[in-house]
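Asks: Okay, here's what each chain looks like letter by letter:
Protein chains: 2
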Amino acid sequence: MDLGERIWTAALVVIGDEILSGRTQDKNVAQVAAWLNVQGIRLAEVRVVADDTAAIVEAVNTLRARNDYLFTTGGIGPTHDDITVDAIAAALEVGVEHHPDAMATLERYYATRGGITEARSRMARVPAGASLIVNKVSGAPGIRWGNIFIMAGVPHITAGMLDALTGTLEGGRPVVSKSVGGWVAESEVADLLRGTEKAHEGVAIGSYPFFREGRVGANFVVRSPDEASVDHCIADLTAQLEAAGYSIVAGGI
Amino acid sequence: MDLGERIWTAALVVIGDEILSGRTQDKNVAQVAAWLNVQGIRLAEVRVVADDTAAIVEAVNTLRARNDYLFTTGGIGPTHDDITVDAIAAALEVGVEHHPDAMATLERYYATRGGITEARSRMARVPAGASLIVNKVSGAPGIRWGNIFIMAGVPHITAGMLDALTGTLEGGRPVVSKSVGGWVAESEVADLLRGTEKAHEGVAIGSYPFFREGRVGANFVVRSPDEASVDHCIADLTAQLEAAGYSIVAGGI
Chain G
1 MDLGERIWTA ALVVIGDEIL SGRTQDKNVA QVAAWLNVQG IRLAEVRVVA DDTAAIVEAV
61 NTLRARNDYL FTTGGIGPTH DDITVDAIAA ALEVGVEHHP DAMATLERYY ATRGGITEAR
121 SRMARVPAGA SLIVNKVSGA PGIRWGNIFI MAGVPHITAG MLDALTGTLE GGRPVVSKSV
181 GGWVAESEVA DLLRGTEKAH EGVAIGSYPF FREGRVGANF VVRSPDEASV DHCIADLTAQ
241 LEAAGYSIVA GGI
Chain A
1 MDLGERIWTA ALVVIGDEIL SGRTQDKNVA QVAAWLNVQG IRLAEVRVVA DDTAAIVEAV
61 NTLRARNDYL FTTGGIGPTH DDITVDAIAA ALEVGVEHHP DAMATLERYY ATRGGITEAR
121 SRMARVPAGA SLIVNKVSGA PGIRWGNIFI MAGVPHITAG MLDALTGTLE GGRPVVSKSV
181 GGWVAESEVA DLLRGTEKAH EGVAIGSYPF FREGRVGANF VVRSPDEASV DHCIADLTAQ
241 LEAAGYSIVA GGI
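These protein sequence lines are chains G and A, in that order.
The end of the first sequence is residue 253 by the working numbering, with every number in the run present.
The end of the second sequence is residue 253 by the working numbering, with every number in the run present.
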């Protein structure tokens, strides 16, 4: 997909024992990925790490060095297992401070909910020099430090934080992706797919098999930042698959 | 959770542009995590990487060096975007060969499905020296090379491969986890949770807030390989939460 244009990349660190134990099905990877694409930023890599300072520090420092943006989810609540802010401050070699605007927000939020406490004021702690990301759902804000975005673990709170960031990050062209598919075994069309991808510069074709109703099928996804290239490739691929005798469904099945 | 016993760890590399693009919701992290725990092995870290040789090589070599086991999912099909076997062989600095048993399996599988082709025979390619993992669902086997387990991307095929491996890997005691929860704001009980965890050696307490029906609640998960320790901690935690005036549901809500 090299079109000679600047590609903006991001990495995501998912922080949480609950994901690694299998207790909780992660939903943040998919929503962050989809949101990033709309901003013209590619999600280049994801790591899921435990609630462990050394693991967080390693992931944050490795990934922020080689991506334009770094996002984290999880571990910013008020309890003892919420160590994200301290770990990221350690990674950045800065101190931790109570952000005055976050304190004011939490004081307002908890005014009718029993008042601010020491545990609650923990959610105002940020790596020194950070700004805040609005949380429209609950009291505790997200945190921005340079190009690092520290977000909640609860997916719909993260969604609100992403919404608050929409349109504020520099990116390139979003990747356009369109699909065709049908009841076709991918192994029958492997050469056709490879040849079609080669014939269309700047596009990538992914082949995703599935098994449903006892039958084998596949969806073929064509991706490029250039929509016209995607459309040409989809048209070519569809024509070739139909010429080979397959009944193909636009959009995939 | 240091009980002075040997902890067996695994890492998982999820290989696939479709996860990083947000097109596909990953389900393999949760199922591999849950399966590993039954084997007495902890999932210590996960990376999601693109269909890119350098990214796969880096992840595989870093993670296999520091874990007892390494699992991968994705990229073992017959099409041009399936590069996992070649990338892992590159990481291991071994060649790629057609495994004779895999060839025989594929020939049998495709005997009634149009016969073997060059594309289909790609699914018999393994890093030199590998053995096979049975695939009860479709023709292409998984691959074992030392303590590396190369599995499918389609979750129910991966499930079958895990099933074939059940009980064959050395591990320690599985982590037992039990939950209590209720309509309680975690920020109100942060000190109580921290104190309870400290009072119960060898257990970890995780606090997982949720927002439902317009109300705030949380589940508290107690984990340890020692079931008696988990039970003691759960009983203590429940008693303290009830003494503090909360109505607590065993098992969480």
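Be a bit skeptical, because a hint or two may be false.
When chains are identical, the list treats them as one kind, so a pair holds in a single copy or across two.
[Unchecked claim] With a straight-line Cα cutoff of 20 Å, these simulated SDA-like cross-link-like pairs (lysine to any residue) come out: (1) K178 <-> Y246; (2) K178 <-> H200; (3) K178 <-> D86; (4) K136 <-> E107; (5) K27 <-> M103; (6) K27 <-> P155; (7) K178 <-> A228; (8) K27 <-> V154; (9) K27 <-> R194; (10) K136 <-> Q240.
Source of the hints: derived by calculation from the structure; they are not laboratory data.
All figures in this text were calculated on a predicted structure; none of them were measured in a lab.
Asks: For each hint given before, does the structure comply? Return the numbers of the non-compliant ones in rising order.
Replies: 3, 5, 9 and 10
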